[in-house]
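Asks: What follows is each chain in one-letter form.
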Amino acid sequence: MSKSIGTSGLILNEPLLWEKGRKGRCGFSLPRRDVETCPLDKQLEGDGPDFPDLSEIDVVRHYTRLSQWNFGVDTGMYPLGSCTMKYSPKTNEKQASLPGLAGAHPLLPTTLSQGVLKMMFELEQYLAEITGMDATTLQPAAGAHGELTGMLLVHAFHKNKGAQRSKIIIPDTAHGTNPASAALCGYRPVPVTSNEQGILSAEAIAEIMDEDTAGIMITNPNTLGLFEENSCEIAEVIHSKGGLVYCDGANMNAVMGIVDMGKIGVDVIHLNLHKTFSTPHGGGGPGSGPVCVKKHLERFLPVPRVVKQNHIYLLVEDYPESVGKISAFHGNVGVMIKAYSYIRSMGPMNLKKASQLAVLNANYIKERLKGTLHLAYDRPCMHECVFSDEHQKAQKVTTLDMAKRLMDYGFHPPTVYFPLVVHGAIMVEPTETESKEDIDEFVEAFKAIVTEAEQDPGLLHEAPKRPKVRRLDEVTAARKPCLAG
Amino acid sequence: MLYLPHTTDDIASMLEVVGVEDLDGLFSTLPAECRKKDDLNLPEPLSEWELNDHMEALSNTMAVSPEYKMFMGAGSYEHFIPASVSYLLSRSEFVTSYTPYQPEVSQGTLQGIYEYQTLAARLLGMDISTASHYDGATALAESLLMAVRITKRSKVAISSLIHPLYRRVVKTYFEPTGFEVIELKYLDSGLTDTSALNEMDDLAAVAVQSPNFFGCVEDLQAIGQKAHDKKALSVACFTEALAYGLLKSPGSQDADIVSGEGQSLGIPRSFGGPALGMVASRKQYMRSLPGRLVGQTKDLDGKRAFVLTLATREQHIRREKATSNICTNNSLCALAAAMYMASLGRTGIRELARLNYDKAEYLKKELKKAGFKISFDSPTFNEFVVELPTDSAATYKRLLEKKIVAGLSLAPYYPELTNHYLLCVTETRSRQDMDRLVSEVKS
Chain A
5 MSKSIGTSGL
15 ILNEPLLWEK
25 GRKGRCGFSL
35 PRRDVETCPL
45 DKQLEGDGPD
55 FPDLSEIDVV
65 RHYTRLSQWN
75 FGVDTGMYPL
85 GSCTMKYSPK
95 TNEKQASLPG
105 LAGAHPLLPT
115 TLSQGVLKMM
125 FELEQYLAEI
135 TGMDATTLQP
145 AAGAHGELTG
155 MLLVHAFHKN
165 KGAQRSKIII
175 PDTAHGTNPA
185 SAALCGYRPV
195 PVTSNEQGIL
205 SAEAIAEIMD
215 EDTAGIMITN
225 PNTLGLFEEN
235 SCEIAEVIHS
245 KGGLVYCDGA
255 NMNAVMGIVD
265 MGKIGVDVIH
275 LNLHKTFSTP
285 HGGGGPGSGP
295 VCVKKHLERF
305 LPVPRVVKQN
315 HIYLLVEDYP
325 ESVGKISAFH
335 GNVGVMIKAY
345 SYIRSMGPMN
355 LKKASQLAVL
365 NANYIKERLK
375 GTLHLAYDRP
385 CMHECVFSDE
395 HQKAQKVTTL
405 DMAKRLMDYG
415 FHPPTVYFPL
425 VVHGAIMVEP
435 TETESKEDID
445 EFVEAFKAIV
455 TEAEQDPGLL
465 HEAPKRPKVR
475 RLDEVTAARK
485 PCLAG
Chain B
68 MLYLPHTTDD
78 IASMLEVVGV
88 EDLDGLFSTL
98 PAECRKKDDL
108 NLPEPLSEWE
118 LNDHMEALSN
128 TMAVSPEYKM
138 FMGAGSYEHF
148 IPASVSYLLS
158 RSEFVTSYTP
168 YQPEVSQGTL
178 QGIYEYQTLA
188 ARLLGMDIST
198 ASHYDGATAL
208 AESLLMAVRI
218 TKRSKVAISS
228 LIHPLYRRVV
238 KTYFEPTGFE
248 VIELKYLDSG
258 LTDTSALNEM
268 DDLAAVAVQS
278 PNFFGCVEDL
288 QAIGQKAHDK
298 KALSVACFTE
308 ALAYGLLKSP
318 GSQDADIVSG
328 EGQSLGIPRS
338 FGGPALGMVA
348 SRKQYMRSLP
358 GRLVGQTKDL
368 DGKRAFVLTL
378 ATREQHIRRE
388 KATSNICTNN
398 SLCALAAAMY
408 MASLGRTGIR
418 ELARLNYDKA
428 EYLKKELKKA
438 GFKISFDSPT
448 FNEFVVELPT
458 DSAATYKRLL
468 EKKIVAGLSL
478 APYYPELTNH
488 YLLCVTETRS
498 RQDMDRLVSE
508 VKS
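Here the protein sequences come in this chain order: A and B. If you count the first sequence from 1, you need to add 4 to reach this note's numbering. If you count the second sequence from 1, you need to add 67 to reach this note's numbering.
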């Protein structure tokens, strides 16, 4: 394994929290008691939870060791397709922990929260500008939450017209959250297949679009990393029957400053701040999923809305046709601060450059690996490209085997087995923050793995060998679930 | 630009491999009508140092501790967060990783979340907790939808003393479903009036918050019994997770599903988000739970390990038939909560909860002595409602000018309770702070 940046090293085992500690230890400095104890009704008093007693050093060693078992973007290349694992600037963390922002109560009188309201107002404008839309809500707490909000807006629009519709068109390449979000709004998903070029055709949409279809959920660029070239015609088909075009903007990183979503007929689009706008992924969140809309949907947006009146920022509830609230308060403000800081740091030209370089990186990987791995669609891609394990079938080596072996080489695997339209899909999204030399190392590693597949497939079947654990028994985990200790 | 590592040479050699003349050539497949003609109309970039100044200026406009004395809770609580927790949470292997789809290189997150699930379940007295949701409001909405799925009934009864903003989120979630949401009134004691349940049939769930929005502790056992009499599920919710360091857990009072807000457990308020939605249930409802679950298993060498499991409930497998559409949740917040609960420990959480209770009781007593009426006589935890004399808005404003935030006015949420204010006292308020509030309100 001469070409590997993955190497062996000492990491430490660490038990579960309740397997350590000693009764009486505490890792929290209890505040001074300056009032008397008051009686409490015995009927109301509980026994308190069965937590372990740990000292501060117990807790610090525990989590330090746990962190060392994890691979993050700061560790190395993490080319998870459609997740946009770009570098998270550290200055953004600093801004989000400023005491005036981190310590703010959401229900403060607006006169005492002008700074955060200004940030939200400006961020709404920036996102509307980037997408080519007219208005924004920052309330959704993640992409899927934004999708649900989008569906609620579509639902409110049709209700307002006096004709509720029951179906929505969803392409076969769609992320699972699309049909799941549509179903939460009572819509029945109507599937449509992509053509041989891996994109949707307006004719296929026209065949199924009718006046009982609320619209379409389109991801553009799609999950194959391809730009939906027929999106203008598709929008016309949908609009001609009174439907709306919802765009899943998870892949916005390919087209900032390059595509105008408003111009191509999108009525409503969600964004993922933890993807395109560099906020860290946190091991699974928190994210933020703002939704931008065209004027005709603005009045349905969740409330309260941030409004600027003579240099003062206000929170206004008075939108009688609003869908209501989808988060208790204003959304993930702590995440918004990071996205706002990123946009202010990058500026318009660098955001466009980021998209161009993300697309350059993906096309470069595509060209360099297409002889080695089977390329699902041999055409120019956007910010991600999709391969498959077609060439490795003869050696009985699968996408899963290759993904696991990549870990030994020091890379987080790409997204695997999605989108479903490509059997054994390997979706690689490098993002613009990977340098040429890091990408070259990734390409070399994958080439070495494919050679191993031909010469010694056992190495891949046994992979990974170097991480803390080897392959897991996921079957038993599901058959005999053990979800708490 | 510091986040864009490509040099001109890098770009040139890569373009050559791709077979395109310039960066613009990468977008040749895009139809002209899709292209943005002008540059993005956004402000010019700030240097790191200019950004610091800009953000500090925004931060300085905000009314926060220690300059302002906050007596406001209502779903967002000021609690001390140990430096050790903030420090550990900044470890980039936790921060910059994503959903642990590849468990072999994500054991840190997976064991961390398994531990969170366990501590959360113990705090709430339940069998299973999920890996997290967005906030207490969406957790409640998802729990009610879960009850509908389990019972196959289409009506839920929710207390009007559940946080008003949570009830609005529930209504938004339920609007397109056709399921019915009925609100239960409240009594003069500041507790939910469950008498209307007697006439109801076909209920999927009865949901009550405890401590409720007025801060009063509800009898979850009795309400749960009524729900079960109607063959409905008992859903208990909360906004102040710390309460269960002291009070009887919802699980010990026969709740079927518990949902709530975990922000008190080591997560900064951040103007309301990110927060920590918590959902827990009895074992038998496991497969109906929304959201991610981490389970224990073994690897090929027999070593203990952790993995995302029961994924057949989730959107990436079941798509439109999933138990929820949730994908990215609030994993880092759940980890913060686990670190916080681990730092407090069994004795610590009890003492801290006790201190919250005693401080709130002290303020109650002092306000009573000063001649103010405590609106509801039911026992409370760290929040309670006080009635300020007419023209309370002027008093509130006067206190604000003295940098005291005297709670939350109930008027916008309960119009019949104008001049009533919801006060919150946590361990962060000193006896002096409270004495000062009382003397200023008196004058």
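Hints are computed from structural coordinates only; laboratory data are not their basis. Backbone N, C-alpha and C fix where the C-beta goes; we use that ideal spot for every residue, glycine too. Mixed in with the good hints there might be a few duds.
Stated by the list, open to error - Just a few of them, taken from the derived set where beta-carbon distance is under 10 Å, the chain B residues facing chain A:
(1) GLU328
(2) ALA378
(3) ILE384
(4) ARG385
(5) ALA478
(6) TYR481
(7) THR485
Asks: Which hints from the list above does the structure break, by number from lowest to highest?
Replies: 5, 6, 7
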